[in-house]
Amino acid sequence: MSIGLHNSEFKNPVVRWVDQRLPVFTMMQKEYGTFPTPKNFNYFWNFGALAMVTLMIMIATGIFLSMHYVANTSLAFDSVERIMRDVNAGWLIRYVHMNGASMFFIVVYIHIFRGMYYGSYKAPRELLWILGVVIFLLMMATAFMGYVLPWGQMSFWGATVITNLFSAFPVVGEFIVQLLWGGLSVDNPTLNRFFSLHYLLPFVIFGVVFLHVAALHITGSNNPLGIEPKGPQDTLPFHPYYTAKDSVGLVVYFIVFAVLVFFAPNYLGHPDNYIPANPLVTPPHIVPEWYFLPYYAILRAVPDKLGGVLLMFGSILIWFVLPWLDRSPVRSMRFRPLARPFFLLWAVNFLVLLWVGGKPAEGHYVLIARIATAYYFAYFLVILPLLARLERPLPLPESISRPVLGGGPLPAGAAAKPMEKA
Amino acid sequence: MANIAHAAPDGAPRRDFLKLVTGAFAAVGVGAIAWPFIASLQPAKDTLALANTDVDLAPITEGQAITVMWRGKPVFVRNRTAKEIQEARAVPTNSLPDPATDQSRVQKDQWLILVGICTHLGCVPTGQRTTDARGDYGGWFCPCHGSHYDTSGRIRKGPAPRNLDVPQYAFTSDTKVRIG
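One line per chain: the protein sequences are A and B, in this order. Be aware that the first sequence starts at 623, since it is given in the working numbering, and climbs by one per residue. Be aware that the second sequence starts at -9, since it is given in the working numbering, and climbs by one per residue.
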């Protein structure tokens, strides 16, 4: 090895030549080949990889769609219909992109659920969690602006309602809304900037995902037991063990995706978006895309404009401080007999919000939305902080291998030790 | 241990077979995914639907030429004079860079229909108006790199490799022609 060259372990002369000068092969081998990964992952740990695949599918289909799409209020709707009818395989690419957004949120919601259930946000993974919340916020902004582009009735009125949310803020509200519109209403300048940002943000997401993964590879992955691997006996190399396990999940993911695209491409969409935008007529029942319904329900549950907007934004921003709201040292809900039912109820409550967000804001739906909103915040602000003091967690296993390989109950002295470690 | 235990009767390890099958499936999958993306870059249905252009020949007097759009390209339609036809037919074809008889390039003697794109690098030659430069042979002249075309649109001098292309066309009546 000459001075200044990386000490490559690769034998293939071409690979070696590159690797000595730019050790990308060594890096890939270290981060995705031999990377030590807890040996007890369940299928919930597929969803990070699935989200990564979805992001790549969205970027690929999006780039090809943008070659045919026209960001102009008088042409946008027709250009999307042209993609559906005239562009070769345009229907396929658009349906993949459209349903890909839904798949992205399904995958990411499960990924977040996994993180909450198994306490993946706790030290030392707080920043990893925070980066994840940043990715989620960017995803929401990207999805919202993407939904505006076809310039149907739901696009237009969704854009109008969502941008008007910012008018709730005192003093600066009006200024922010005009900044988003570039005019005095949602119009051509709005469509143009939304298209520009819709193209930009996925690459920003890609950058934050890189940081998310980089942070993950410092702390290592959490696992269903929520205890750290104690040594090589508790881990497996990422390849081939988890590349194979992720591939199994990927096949199932593609089956679900294909069913949506080929058999029910408009099931998750709203038919009104196939009516061209009309600034003079609001559709009678306007709802956002399904993945925004829980926050929409929170917005409508509050009988005050500013209050509703603050709680809606707060419902996601509160995730940022979750690592400090939940001070219990035990990560996995498997060992938290009280937190576990409260959290599962919270997850069901989230689905209730999703359901009620799609219903008209009247009668008993309003009451249900209010109770669900109250529990949503109570879980974070009251229940978790209290449980950290009151709950008595179950004894943690001594190591990841121990419950698998047997070895009976823990020795008396070991019980306290995992507690502090976790 | 594994290598010996899993060797097939003919000596080829089972793992080699599995790797080949996996690789083949991956290649087919990548191809199947790439196909619609590449197809989407090809001309769309509505683009191809614009592939015909109808031209009314009645207003074009002898010696006059018009340019029409066909598939986004200019098409020259020239009502040739008897002198121009005679000039085009007087040339011995074996002396031409791209030999072709004038008869093979027209359906009706007076109507010369050509794609108005120089076969060198795609410029539009001048010569549609009688006041334009028409080159040394009275047809068209490409100002970009100096190709001279005669009154049959054949290359006579300059860097162009081929005669001006004759598009597919058919006379739908005595005074109407459909190009494409």
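Keep in mind that the hints were calculated from the coordinates and are not lab data. A virtual CB, placed ideally from N, CA and C, is assigned to each residue, including glycine. One should not assume that every hint holds.
As the list claims (entries may be wrong) - Calculated cross-link-like contacts (lysine-lysine; reagent style DSS-like; alpha-carbon spacing at most 30 Å):
(1) B/Lys63 with B/Lys73
(2) A/Lys633 with B/Lys9
(3) A/Lys867 with B/Lys73
(4) A/Lys661 with B/Lys9
(5) B/Lys63 with B/Lys9
(6) B/Lys9 with A/Lys652
(7) A/Lys852 with A/Lys661
(8) B/Lys35 with B/Lys73
(9) B/Lys73 with B/Lys9
Claimed, not checked - So the derived label-pair ranges between C-beta atoms look like this:
(10) B/Ala16 with A/Tyr896: 56 to 66 Å
(11) A/Phe876 with B/Arg168: 45 to 55 Å
(12) A/Arg643 with B/Ala123: 51 to 61 Å
(13) B/Arg119 with A/Ser818: 39 to 49 Å
(14) A/Phe876 with B/Arg4: 19 to 29 Å
(15) B/Ala48 with A/Met689: 22 to 32 Å
(16) B/Thr116 with A/Met689: 27 to 37 Å
(17) B/Ala16 with A/Ala969: 57 to 67 Å
(18) A/Val870 with B/Arg4: 16 to 26 Å
(19) A/Ser688 with B/Arg119: 34 to 44 Å
(20) A/Val826 with B/Arg168: 26 to 36 Å
(21) A/Ser818 with B/Ser163: 29 to 39 Å
Exercise. Keeping to a limit of 30 Å between CA atoms, is the pair of B/Lys35 and B/Lys73 held or broken?
Worked result: 43 Å, violated
Exercise. Should the hint that B/Thr116 and A/Met689 are 27 to 37 Å apart at their CB atoms be regarded as holding?
Worked result: 34 Å, holds
Exercise. Straight-line Cα separation of B/Lys9 and A/Lys652 no greater than 30 Å?
Worked result: 23 Å, holds
Exercise. So the hint says 26 to 36 Å: do the beta-carbon atoms of A/Val826 and B/Arg168 match that?
Worked result: At 52 Å between Cβs, range violated.
Exercise. Holds or violated: A/Lys661 with B/Lys9, Cα cutoff 30 Å?
Worked result: 25 Å, holds
Problem set entry | Hint consistency between A/Lys633 and B/Lys9 [alpha-carbon to alpha-carbon, up to 30 Å] | At roughly 20 Å apart (the allowed maximum being 30 Å), B/Lys9 and A/Lys633 satisfy the hint.
Exercise. If you check the beta carbons of B/Ala16 and A/Ala969, does the distance land in 57 to 67 Å?
Worked result: 37 Å, violated
For this session: Take the C-beta atom of A/Arg643 and the C-beta atom of B/Ala123, compute their distance, and say whether it sits inside 51 to 61 Å.
Result: Given a distance of about 57 Å, which is inside 51 to 61 Å, the answer is holds.
Problem set entry | Satisfaction of the hinted span 56 to 66 Å by the C-beta atoms belonging to B/Ala16 and A/Tyr896 | At roughly 37 Å between Cβ atoms, A/Tyr896 and B/Ala16 fall outside 56 to 66 Å, so the hint is violated.
Exercise. Is the straight-line distance between the alpha-carbon of A/Lys867 and that of B/Lys73 30 Å or less?
Worked result: With a Cα-Cα distance of about 81 Å, the restraint between A/Lys867 and B/Lys73 is violated, given a limit of 30 Å.
Exercise. Keeping to a limit of 30 Å between CA atoms, is the pair of B/Lys63 and B/Lys73 held or broken?
Worked result: Given pair B/Lys63, B/Lys73 holds - Cα atoms ~28 Å apart, limit 30 Å.
For this session: Confirm or reject the claim that B/Arg119 and A/Ser818 have a C-beta distance inside 39 to 49 Å.
Result: For B/Arg119 and A/Ser818 the Cβ distance comes to about 45 Å; the hint holds.
Going through the hint list in order, the structure does not satisfy hints 3, 5, 8, 9, 10, 15, 17, 20 and 21.
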